[in-house]
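Start from chain A and add chains B, C and D according to the hints.
So you can see what is in the structure, the chains are spelled out below.
There are 4 protein chains.
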Amino acid sequence: MSDIEIGRAKRARRVYAFDDIAIVPSRRTRDPQDVSITWTIDAYTFETPVLAAPMDSVVSPTTAIEIGRLGGLGVLDLEGVWTRYDDPEAVLAEIRSLPPATATKRMQEIYAEPIKPELIVSRLAEIRAAGVPVAGALSPQRTQELYKTVVDAGVDLFVIRGTTVSAEHVSKTVEPLNLKKFIYELDVPVIVGGAATYTAALHLMRTGAAGVLVGFGGGAASTTRASLGIHAPMATAVADVAGARRDYMDESGGRYVHVIADGGLGTSGDIVKAIAVGADAVMLGSTLARATDAPGGGWHWGAEAHHPELPRGNRVEVGSLAPLAEIMHGPSTVADGRVNLMGALRRSMATTGYSDLKEFQRVEVVVAPYTAN
Amino acid sequence: MSDIEIGRAKRARRVYAFDDIAIVPSRRTRDPQDVSITWTIDAYTFETPVLAAPMDSVVSPTTAIEIGRLGGLGVLDLEGVWTRYDDPEAVLAEIRSLPPATATKRMQEIYAEPIKPELIVSRLAEIRAAGVPVAGALSPQRTQELYKTVVDAGVDLFVIRGTTVSAEHVSKTVEPLNLKKFIYELDVPVIVGGAATYTAALHLMRTGAAGVLVGFGGGAASTTRASLGIHAPMATAVADVAGARRDYMDESGGRYVHVIADGGLGTSGDIVKAIAVGADAVMLGSTLARATDAPGGGWHWGAEAHHPELPRGNRVEVGSLAPLAEIMHGPSTVADGRVNLMGALRRSMATTGYSDLKEFQRVEVVVAPYTAN
Amino acid sequence: MSDIEIGRAKRARRVYAFDDIAIVPSRRTRDPQDVSITWTIDAYTFETPVLAAPMDSVVSPTTAIEIGRLGGLGVLDLEGVWTRYDDPEAVLAEIRSLPPATATKRMQEIYAEPIKPELIVSRLAEIRAAGVPVAGALSPQRTQELYKTVVDAGVDLFVIRGTTVSAEHVSKTVEPLNLKKFIYELDVPVIVGGAATYTAALHLMRTGAAGVLVGFGGGAASTTRASLGIHAPMATAVADVAGARRDYMDESGGRYVHVIADGGLGTSGDIVKAIAVGADAVMLGSTLARATDAPGGGWHWGAEAHHPELPRGNRVEVGSLAPLAEIMHGPSTVADGRVNLMGALRRSMATTGYSDLKEFQRVEVVVAPYTAN
Amino acid sequence: MSDIEIGRAKRARRVYAFDDIAIVPSRRTRDPQDVSITWTIDAYTFETPVLAAPMDSVVSPTTAIEIGRLGGLGVLDLEGVWTRYDDPEAVLAEIRSLPPATATKRMQEIYAEPIKPELIVSRLAEIRAAGVPVAGALSPQRTQELYKTVVDAGVDLFVIRGTTVSAEHVSKTVEPLNLKKFIYELDVPVIVGGAATYTAALHLMRTGAAGVLVGFGGGAASTTRASLGIHAPMATAVADVAGARRDYMDESGGRYVHVIADGGLGTSGDIVKAIAVGADAVMLGSTLARATDAPGGGWHWGAEAHHPELPRGNRVEVGSLAPLAEIMHGPSTVADGRVNLMGALRRSMATTGYSDLKEFQRVEVVVAPYTAN
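Chains as they are written, first to last, in the numbering used here: chain A, 7 to 379; chain B, 7 to 379; chain C, 7 to 379; chain D, 7 to 379.
This is chain A alone, in the form it adopts within the complex:
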């Protein structure tokens, strides 16, 4: 694995980003309408393998409902403005209008407002009332404090999401969350991450999670590499975690844990590649924040952007491109892989001759850096 010598005292392994790879057609082609892109996890079947990321610029109760109707799963951030403020729309409007120089500082203040459990309850109830699957996300740090509120409010899927979540967190000051015990006792299926390596993912799978989020700071709004020196290019990360899925299935006697690529998925081409290297589904952030009906209103940011001492991301302007429905299913009038994501996925599968997502994980991949023509 670590076959490159950086210097006498250090070896390393070459890793790959989505931009480093592409897929190639094979001998067979197919009609796009004959292709299935449904995704089933636990008792839930979705028409598309798309989760909307728990970020304030992507998912509000309203967009969670819309995404559910479009065949995906909207995951509400239960530590964002919707559970801290009675009137989050005003807060979102303020974030949009902040001048660049002071944006990070003001966002640090905005997100210092305490979380209100009663707002967790009412926001989730609003989504449930629309008849779509309900999902909410907490950070590992807050899970113990708030999960009862969440479960009592009622969710179909429970998401625990941080930049890095490990099955073995060590702390001298607080008793860390025992993921295995927690998941075992919970009635709802849990999706947990990010994990970016084989070993980290394998340990998360052993906690009993239904799905693992793959990623670490690869998103459009992240500066993790400059700040922490940490970088996990997504093509390698997904393919490694897919390897953990295979090995865990063997060791567990057949339990299939879903691999969900989370981060660095800016175009339909990236979604295609994520599945090609082994993902079962994708969690989308900036890609959906570009919707005219996204709560970010043309802007996008993650929780790292307002860390109180060490912000590791920026509020970025992504623009407003088309309604969510068109971004997901078209028709498109732009040609750059940002609209009609699912149509592009279908066509890519059809052009390479595959008929469902699981089969498509076997498509041939090539290494071809993006700058090449």
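Just so you know, not all the hints are guaranteed correct.
In this list, chains with the same sequence are indistinguishable; a pair is considered to hold if it fits within one copy or across any two.
What the hints assert, rightly or not - Taking lysine to aspartate or glutamate pairs in the DMTMM-like style, the calculated list, with each CA pair at most 25 Å apart, reads:
(1) K186 / E95
(2) K187 / D162
(3) K122 / D9
(4) K186 / D299
(5) K186 / D37
(6) K178 / E53
(7) K187 / D362
(8) K186 / D40
(9) K111 / D342
(10) K178 / E315
(11) K154 / D253
(12) K178 / D37
(13) K154 / D193
Read the hints as simulated data drawn from the structure, not as lab findings.
Just so you know, these numbers come straight off a predicted model, no measurement behind them.
Below, chains B, C and D without anything else, positioned relative to chain A:
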């Protein structure tokens, strides 16, 4: 082949674009005037190994005639404006003048106009009357519906061209074109593609095609990689298909199927490299669209640019550089490989000591990414 | 080692820069507050592994004191403006205001002013009076002439720093400094460099040095590569010298010589990577010159920038970002790895599960060129 | 050698440019004044290993004299404006002032003016009168017609230079120059090239040449790669030809043919690298055209820029930086490797511990693409 590990569950192969490679001189040099660049396919011999791509910005009946007189083969797109409109010049003028924001949308409407069989007949007749070889192109989807009209109108070479054409298309709703049967029954030689891999090309060769177009979305106006995640860098694609030609020649007992590089050929240097890695001829799009007498009038677009639901290309401004005659044969007053394409090909062959195209396929190639000096 | 053939008569080895690599999380995570970043060299323990580079734009007596209070070691350049001028502030102000076209020429004149031994004494005394560790730097060329003044003035750590310092300097005209004899006779521990290769560093270790500076012209203000063709990318250089540390520890029966990365450390991510590939500490230049209270006042330059015949660096504008205290320890309101360097180092160690710097040298490293997402 | 598979039917070899490599210091250092950079070819010893390229923007009779006095060899282009026009200064002034759009066209006309043998005689006499070594260059096409004039006029070194010169030129229309016979019969030593590969250079060495120019279209003003697809990155080309020098020395029983890097030498760092990979000397174009007293007056162009049918280079503005004497020997007030070329070469050799050019060919080289820090 797949000697790179992307991650535990996926392996891939490194592929190369024209920009990644270059050719190098050897011990012998030659006079450019002693070099032959003629190309013979089936019963037809051309003074140059150049086909003009069936795109509305490149080939009109008038330019097909001009290209024929300059020693190449102009292929008319039989699903473009010339067979949909009585007055295509007005339509071309409108496309040129469209504002960027609405160009794709309006082009989708323009190309929704039905194809008129009688226009196929009259356009091809116009070319034939000039005494040059006649060639027209259909997409695989339309071939069954329109080929009789085309053959009755009279073509010397029949081109079937799509982004990806396979010998084995699967559809649940329509009976797909049986290429092998179709080509067997047809009297005229057929050129078919694009194919981008050894296997896909080998299967197309087995259908009885006289030539295979090599390429997939590599052209100047394409956004296939961002949209579909599919990318087939041309140097590898051409060298792979040349390998299929060699193996098919062996398996068929000597049938030589021509390999025609189609896409990503922006300069005379690219044309040189295409032949160096195994192409018998090249199909040119944007390179010829830069002619002052090209029908695009300084703009260039392909069929993907106006796909009704998933456009995967843009109308791009390529400018108007010199008359077609000068672009093909010079003399040139610019120094960037865009004018006197055939003069540059001759000189490159002379400088490396080769005297005909088939021999030139053996020239030494090096990997030298373009950014290096 | 030299496994690449450049051409028939030359082989070479692939080397790596910090931008070529990244670190990845493993299965365990930790609380940032449980992480130790203290660094001990000889009898001195520092709260952070940070040395401020002996450059006029980074260290004045005042900032040396401030850096000491912040847990690092400020090294004063004893051949800079502070030992040449009674009123260095005026000189620094002039350097800041020089027009680009004549800056190098005027700096060559400014640094032609003779060094005053009495200023060495008074500047070092000023630092000592503040109760922080005292360190000063001389070039190898000046060490023999000035070291007695420095030692008598009193320093805790003595730094000998040049672009390249070797244990075996050959000269026909002057008797070169015998490093081994010099260090043996000196009472204070010596840090010496730059060295960029295993062999050069091993020889420096054998002179009895307490620490070796790793680097050659990698800094933000250097043009050594264009000028001399010399380039030693830092990831490989540090990992090679860490290898020399290990081998020298074996050959010396246990003497541990500290490896200090010096140059090319523009962000907290780079600091993280330096330690990940084997550094015990880092020497920072431009990174600290960005402090609002740095003596450069928003500008940065090294001794190479005013070489009388062959300047190999420029005065560059780095801006003024935040007070030194915030750049070192936060809190930060920017997200690009330039503020809260030590907070980022702690978090990176915590996220990857390591609890002290020595242990962190074992973290997994990957090769992932920066352009990839 | 050809260990990379481009595709099934083509293999290639990875080659390297100067920008891909760097040199690294070793354990020893030296004083710059103890370093020798003299170069001896045939009976001539030069204080520097520098030839000024036979290009109208670089060498006039006046600059040939100046370069000779500075320790190099100025080679006059005997097919340039100095042998076509009585008043070349006026012609040079016109070329400088041409508008970009028509520059190539007008230069094609200017260089269509016939060569006057009597001007060859008087220009060379002017150089000889100054007491410096005299050298003139012809293209292989013109050598037979003009060499008698040149030899009778008197040259110390005779240069035959084209983009590619082979020992075996094939022509159906004219009897090509028999290099071996020609060199054997000539009394003056001949330098010939460019050659870019081992085989081509070995054959040139067998003709009896005293030196071989290494290069093909790598110069600052060339567009050969875009135009012809031909590219020979210089680090590999020089190292290959140095391999030919070694093998030819063995086969010839000890004849040492000098390897002269020609092209792509934009900075002192490039000159350093050329020698590091095996060059005995360098031929400089744009690097010297930047002199305030260069005949190009801030512009630079080669013979390829005015080829009548296929121009493969541009007139480029390089600016006027410093007098030739300073560009060669300093002192410098700029820090980018463009001034004090020989001082930089000395310092690079001193820093890496080498004392003469032949020894310096053994310095350690690393592969480190330029974008890395």
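*Which numbered hints are broken by the structure, listed smallest first?*
Violated: hints 1, 3, 4, 7, 11.
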